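J.: If you want the building blocks of each chain, they are given just below.
Protein chains: 4
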Amino acid sequence: MVENCPAGLEISETDIQVELDRRRPGQSSITTSRKEGDEVEIISGVFEGKTTGAPICLVVFNKGQHSSDYENLRHTFRPSHADYTYQAKYGHRDFTGGGRASARNTIGTVAAGAIARKILKEKAGIDIASYVAKVKDVEVPLPLDLSALEIRTAVEQNSVRCPDPETAQKMIDLIEKTASDKDSVGGVVNLVVENTPPGLGDPLYDRLDGLLSLAMMNIPAVKGVEVGGGFRMLDKTGSEANDIFYNDNGLIRTKTNNSGGIQGGISNGMPILMSIAFKPTATVLREQSTVNDAGEEVMLKVKGRHDPCVLPRAVPIVEAAAALVLVDQWLLQKTARYDGL
Amino acid sequence: MVENCPAGLEISETDIQVELDRRRPGQSSITTSRKEGDEVEIISGVFEGKTTGAPICLVVFNKGQHSSDYENLRHTFRPSHADYTYQAKYGHRDFTGGGRASARNTIGTVAAGAIARKILKEKAGIDIASYVAKVKDVEVPLPLDLSALEIRTAVEQNSVRCPDPETAQKMIDLIEKTASDKDSVGGVVNLVVENTPPGLGDPLYDRLDGLLSLAMMNIPAVKGVEVGGGFRMLDKTGSEANDIFYNDNGLIRTKTNNSGGIQGGISNGMPILMSIAFKPTATVLREQSTVNDAGEEVMLKVKGRHDPCVLPRAVPIVEAAAALVLVDQWLLQKTARYDGL
Amino acid sequence: MVENCPAGLEISETDIQVELDRRRPGQSSITTSRKEGDEVEIISGVFEGKTTGAPICLVVFNKGQHSSDYENLRHTFRPSHADYTYQAKYGHRDFTGGGRASARNTIGTVAAGAIARKILKEKAGIDIASYVAKVKDVEVPLPLDLSALEIRTAVEQNSVRCPDPETAQKMIDLIEKTASDKDSVGGVVNLVVENTPPGLGDPLYDRLDGLLSLAMMNIPAVKGVEVGGGFRMLDKTGSEANDIFYNDNGLIRTKTNNSGGIQGGISNGMPILMSIAFKPTATVLREQSTVNDAGEEVMLKVKGRHDPCVLPRAVPIVEAAAALVLVDQWLLQKTARYDGL
Amino acid sequence: MVENCPAGLEISETDIQVELDRRRPGQSSITTSRKEGDEVEIISGVFEGKTTGAPICLVVFNKGQHSSDYENLRHTFRPSHADYTYQAKYGHRDFTGGGRASARNTIGTVAAGAIARKILKEKAGIDIASYVAKVKDVEVPLPLDLSALEIRTAVEQNSVRCPDPETAQKMIDLIEKTASDKDSVGGVVNLVVENTPPGLGDPLYDRLDGLLSLAMMNIPAVKGVEVGGGFRMLDKTGSEANDIFYNDNGLIRTKTNNSGGIQGGISNGMPILMSIAFKPTATVLREQSTVNDAGEEVMLKVKGRHDPCVLPRAVPIVEAAAALVLVDQWLLQKTARYDGL
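So the sequences go chain by chain: A, B, C and D.
Each residue of the first sequence is one higher than the one before, starting from 5 at the first, in the working numbering.
Each residue of the second sequence is one higher than the one before, starting from 5 at the first, in the working numbering.
Each residue of the third sequence is one higher than the one before, starting from 5 at the first, in the working numbering.
Each residue of the fourth sequence is one higher than the one before, starting from 5 at the first, in the working numbering.
It should be emphasised that the hints constitute simulated quantities derived from the structure, not laboratory data.
Among the hints, a few may not be true.
[What the hints assert, rightly or not] SDA-like mimics (lysine to any residue), calculated; alpha carbons at most 25 Å apart, straight line:
no., chain 1, residue 1, chain 2, residue 2
1, D, K54, A, E180
2, C, K67, A, E180
3, A, K305, A, E180
[Claimed, not checked] Here are the in silico distance ranges between beta carbons for each label pair:
no., chain 1, residue 1, chain 2, residue 2, range
4, C, L255, B, G41, 48 to 54 Å
5, B, G41, D, L336, 39 to 45 Å
6, A, Q161, C, V22, 26 to 32 Å
7, A, K125, D, L148, 33 to 39 Å
8, A, K125, B, F65, 58 to 64 Å
9, A, G129, D, G41, 41 to 47 Å
10, B, G41, A, K125, 25 to 31 Å
All values derive from a computational prediction rather than experimental measurement.
Every residue, glycine too, gets a C-beta built ideally from N, C-alpha and C.
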């Protein structure tokens, strides 16, 4: 359900489906082999091809699900998964893979994000890209020297969505080996947003970096977020880390970008840079010790088809999550200044 | 302004002042020498020593400010500070150190957090502690083997708020040297929350880790956030990183805590663990190149009294920010289950 | 989409359908003859018959609609309808009777209200009833001397939902005559809520009477709202209008109820009484003068099947709107007092 | 605390004080004789005469209060006042006349409304006026044939704020007689808003008439709200009540205004018309029977200085409440259409 979308925007299922196709399972040998079409239908909020101002209801019916794969999870809590915490919170949970804890819920983020991205691109020229920067200990060499648009193209050239072909192949090899070991790996997705105007974000309680971090941490499996230099800039002193302003033919820019495009919680016009850490997929096909809802210690062997590494499919999710934050802040900024009313 | 505080809670200025005193400037040789009493007054919402259910208005008047220290910032943007982004956003800014971009705004977080902490402690037994884990490259040896309560005591034994005395001294030496170099350093604050009941946090869009990350990123100078293992667990596979459940005399616990006490966005009853990266203070006393609001490149030398390292004073801010998130989620959980109504 | 419903509530399509059937068209000779099944499907948020804590998505597909009935409204604004204001607001509108301006949107209110009502009844014993008190100048004699439960039964004995049979027949006659004149009439629905505990509602900006008024005014065609004595008590002085407290075997009650069960924005435990004015249906089958979207004055004759009087079908809508406000306030009250945590 | 005010608006204490002076007690012989200066101070959010985009904190310290007047209310509930409901809700209340139940809280509405009104006037030319239309059974003859601006002037010519001098005198006589009887009276305030652009308000859950009704019902003592014809148009049929559109030199207007300027929850450009019913002041100086917090029936004689009729002082409150709703909707409308971004 997408609320507060301006009326009169041209939007179709195709605009949304293209992003869902980047997220859906079964795209390649290194993601889950579950076949889920993930076809979106617009149920309301669009009339004769344009948004009406009413909430836009997007539905993706859950078709490829094998409930039988999940029956042994009715009473047993998968380690590092949400089973136990849901049970503790609600006293009741959908254990069949379609509930609120399922990563399938990111379909909603990606679908809504496709609309957000269209507005940002058409009205503000904002370009959003992300890529797999690290899988376990395999890292892409940085800096990339690619624009956001170039990254968008490069990541679609291989199944792991790493823009450097050589690193991509190492990552694919690692993921395939991990899958054959019935294990899983995590890694880092980097986000780049170009052409963001200065001024987005609120200064104190809804800082742009805060809202982006919330959006990223709301993605399942994310355990860390950095903006700009993040943890990696702590070896510098202030005089080394500060981003020095200069006048670039009338445009105020900074010589470095340790701030990651955000200062005082507000965008400064430089590229927004974030790194997002995804833990290794909790669901592994090996037998693991755990407890059941009677508190008994039991052995669990999960069935079904799971991603040995969620990173390649996380790329469109990260972009969508960022687009949703940015479009809200961009719209809010329209009424932030009295001289602009 | 603290809203939605339950009525009938006993609260006094003293309860709040004790936390403000941990945050205020001028506490020691390694923080700013500005003298700010930061005395809190309760203006409304408390009657005969108890909250009334109305919003609680807390005021800390700004007394120690030297506006003259700031006059040279009227037209000039300090590097890596919020000056330029505020000007870009609002077309107008308070350059005198009392505006919304000032870290003085964290007084509000600390004051409100003191109330939140009292509720959490009295009603749920939740203990919140944090400490300086790293200053530039000086790190405390981990794990600490201290409870949250012990950490609270230990950090008050030295001016840098590091619970390990030997490391603390190294950090103090480093900060003093940095100050004499007219430079600044950053570091990491670790957060530990014990006795959180399982079930806090929403599963999808207001995940507990998401809300905590938002709260931390809303603190000035924070550029990175980790929950549990964060970026540091990426070298592990899923079978190594998963936290195995076991039955600890009737209590479901996990053998490791890479999840940092949060799974699927919901607390699991294990200690909540976070690491928060603070960049080096942007305001350094060295001359730096920058631009002014006419776009001209100028040299800037900042006057006044600034922290060479914000970490010691960040400890109560981090705790307060966490308390505010937790008390909201703890209250919300009271109505999450039909069988508890 | 119903959010924040506690987990573990038993709910089925049947619980909801029974209220939708009271609202749907085609129930009798005095409402529109459109046949709309209005069958509700629960798409998410319920698992094995119980709510999961996730948002509950209820869908009623629009089946009986004849779009051709509306083609002549593409460019023409019906008098006193939302056509012109939608066009002015959004520059674009769904003119086919399925848009956000259609009274069909009250299906959502009624469906969600059925869930709210179930919680209020099961957990707090709160009884909600409403009835048609006036159609044009035909009024039910007051006071009724019926409990809320008795009203609920009585209104289902006739097609106009007036609990007094004699008045009901006069109202039916009037509506039938109006329909044969291709005209429409309005009237008043009265609301009675019994067994509300004292203490619901916020004192200042979300007063219970304020929220109920918002909920009622959000129903299409409502143009007036009274709480307790409303406009009708203005001929009294304060000493006459004041509701005197007395002790009714340990229960504090008032001798009169001009306050309508709400004092200072908060329920006082007496029955909540409201009167809601519905204007005559804007869509009449007579030819009317109006303008089109080119600003030309034109004659319009509306086709289709419309209610000559919305009052009978408004009864379940008013009850549902009240239930939604009350359940929110009842849940909020669970955390309003420190001594109850 | 005024949030989301655009940055760069010129605002001073004087802009706000002028409206507070219309609301404050002690203005004339027919209002309370309490002397309260009600002087506003801007504590934050304004720098060098302009708003900064930060929340604007306005403080009016409570100076003229005699707590001793209230001591006999510590345990006793005034009839038709909020004493009992507050006690029931919170278990604790401020009985000294300064709490959240006091009509003094409308100072905040009036102060914030002054800022809203300034924006509406400067940027949209919107004129807001209200007047006392009825005191008990003394009514102003309608229609008035005065513009909103003329009403604003006319109501300041007499102490009761009725724009018709002859009716005003009858009202004053009635109020003075009521006061000498130690009793009170209520009445009706009418609201007129001119030059509202078409398109303000949301169609379904935040309808403009709904939000205005919420705002009015949130004012203490209000028990009824009408938009346009309200309850008074129920004797008409649809064909009589419908407002026929016509083209007034390129402007779409309606021949009548039973809709009160709002159709389908959205403004249509015609004047917004509302009537608001205020019950007789609950606090009368006669002895009344009531109960205390031990449940005992007792006699109560209230001391102090109270308004025998709140209507004259309600005029600026009604205007301010309307301005706050309208400015929010006017700002929201800036981002409602894609073609306007």
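J.: Verify the CB-CB distance for Q161 of chain A and V22 of chain C against the hinted window 26 to 32 Å.
T.: violated, 57 Å
J.: Given the hint of 48 to 54 Å, is the C-beta distance from L255 of chain C to G41 of chain B inside that range or not?
T.: holds, 52 Å
J.: If you check the beta carbons of G41 of chain B and K125 of chain A, does the distance land in 25 to 31 Å?
T.: violated, 51 Å
J.: Are the Cα atoms of K305 of chain A and E180 of chain A separated by 25 Å or less?
T.: Answer holds: K305 of chain A to E180 of chain A is near 20 Å, not above 25 Å.
J.: Does E180 of chain A lie within 25 Å of K67 of chain C when you go C-alpha to C-alpha?
T.: Violated: K67 of chain C and E180 of chain A sit about 50 Å apart, past 25 Å.
J.: Taking the beta carbons of K125 of chain A and F65 of chain B, is their distance inside 58 to 64 Å?
T.: About 47 Å separates the Cβ atoms of K125 of chain A and F65 of chain B, which means 58 to 64 Å is violated.
J.: Is it true that the C-beta distance of G129 of chain A to G41 of chain D lies inside 41 to 47 Å, as the hint says?
T.: Because 54 Å falls outside the window, the suggested range is violated.
J.: Go ahead and decide if the range 39 to 45 Å is satisfied by the Cβ distance of G41 of chain B to L336 of chain D.
T.: holds, 42 Å
J.: Taking 33 to 39 Å as the stated bounds, is the beta-carbon spacing between K125 of chain A and L148 of chain D within them?
T.: Roughly 53 Å apart at Cβ, these two residues miss the hinted range, so it is violated.
J.: Do the alpha carbons of K54 of chain D and E180 of chain A lie within 25 Å of each other, as the hint requires?
T.: violated, 61 Å
Checked against the numbered hints listed earlier, the structure breaks hints 1, 2, 6, 7, 8, 9 and 10; every other hint is satisfied.
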